[in-house]
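K.L.:
Sequence:
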Amino acid sequence: MKIKDINNSEHYIWGENCDGWHLLKSDSLSIIQEKMPPNTEESLHLHSKAQQFFYILNGTATFEVDNEIYSVEEGQGFHIQANQVHRIFNITTNDLEFVVISEPKSHGDRTNL
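For the sequence shown, the UniProt record's numbering assigns the number 1 to the initial residue and increments by one for each residue that follows.
Hints were generated in silico from the structure; no laboratory data involved.
Some clues are possibly wrong.
Said to hold, decoys possible - If you anchor each label on the Cβ, the simulated ranges turn out as follows:
hint	residue 1	residue 2	range
1	E10	A82	21 to 27 angstroms
2	H107	P37	19 to 25 angstroms
3	N7	D66	20 to 26 angstroms
4	E10	S43	21 to 27 angstroms
5	H11	E68	28 to 34 angstroms
6	V85	D5	29 to 35 angstroms
What the hints assert, rightly or not - The list that follows gives simulated cross-link-like pairs (lysine-lysine, DSBU-like), each with its CA atoms no further than 30 angstroms apart:
hint	residue 1	residue 2
7	K35	K2
8	K105	K2
9	K35	K25
10	K25	K2
11	K105	K25
12	K2	K49
13	K4	K25
14	K49	K105
15	K4	K35
16	K25	K49
17	K4	K105
18	K4	K49
19	K49	K35
20	K105	K35
The C-beta atom is built at its ideal place from N, Cα and C for all residues, glycine as well.
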């Protein structure tokens, strides 16, 4: 077992200069800490197999899921089921930080729309 944080985890850049750190990376489970700068968004997509749970660490996340808009505050979580069309936005002037848990992993299971 190893204690993981953003200082000792695999880092990657996604979307509009957003950061991600793989805290746990396996075929059956993925846990990633992510940071989105102000006024950024990801593209609309779906995962055919993976369900995801987003937990907001800092800031306010805006989600679009199946044409509905949801606002999720710091300390709250949000579940997205497999095959739901979705995306996340940071429409605030502060960084948005969150943990996303995917089961099974979502990398390689993404269809951009």
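K.L.:
So, for every hint listed, does it hold in this structure?
P.N.:
Going through the hints against the structure:
For the pair E10 and A82, the beta carbons lie near 24 angstroms from each other, so the given range of 21 to 27 angstroms is met. For the pair H107 and P37, the supplied restraint of 19 to 25 angstroms holds, since their beta-carbon distance comes to about 22 angstroms. As the Cβ distance of N7 to D66 is approximately 37 angstroms, the hint placing it in 20 to 26 angstroms is violated. Taking the beta carbon of each, E10 and S43 are about 22 angstroms apart, inside 21 to 27 angstroms as hinted.
Checked against the hint of 28 to 34 angstroms, the pair H11 and E68 passes, with Cβ atoms roughly 32 angstroms apart. As the Cβ distance of V85 to D5 is approximately 32 angstroms, the hint placing it in 29 to 35 angstroms holds. For the given pair, K35 sits about 22 angstroms from K2 by alpha-carbon distance, which is consistent with the 30 angstroms threshold. Restraint check for K105 and K2: satisfied, since their Cα atoms lie roughly 20 angstroms apart, inside the 30 angstroms limit.
Only pairs whose Cα atoms come within 30 angstroms are accepted, and K35 paired with K25 is accepted, the gap being roughly 18 angstroms. Proposed proximity of K25 and K2 is supported: the alpha carbons are some 13 angstroms apart, at most 30 angstroms. Distance check on the hinted pair: K105 and K25 sit about 8 angstroms apart at the alpha-carbon level, within 30 angstroms; holds. Annotation: proposed proximity of K2 to K49 holds, straight-line Cα distance about 28 angstroms (limit 30 angstroms).
At roughly 11 angstroms between alpha-carbon atoms, K4 and K25 fall within 30 angstroms of each other, so this suggested pair holds. Proposed proximity of K49 and K105 is supported: the alpha carbons are some 9 angstroms apart, at most 30 angstroms. For a cut-off of 30 angstroms, the pair hint linking K4 to K35 stands: about 16 angstroms separates their Cα positions. For the proposed pair K25 and K49, the alpha carbon gap of about 16 angstroms is at most 30 angstroms, so the pair holds.
For the hint linking K4 to K105, the alpha-carbon distance of about 18 angstroms falls within 30 angstroms, and the restraint holds. Between K4 and K49, the direct Cα distance comes to roughly 26 angstroms. Compliance with the 30 angstroms bound is thereby established for this hinted pair. With a C-alpha separation of about 24 angstroms, the suggested pair K49 and K35 falls inside the 30 angstroms cut-off, and the hint holds. Between K105 and K35, the direct Cα distance comes to roughly 19 angstroms. Compliance with the 30 angstroms bound is thereby established for this hinted pair.
In this structure, only the earlier hint numbered 3 is contradicted, and the remaining ones agree with it.
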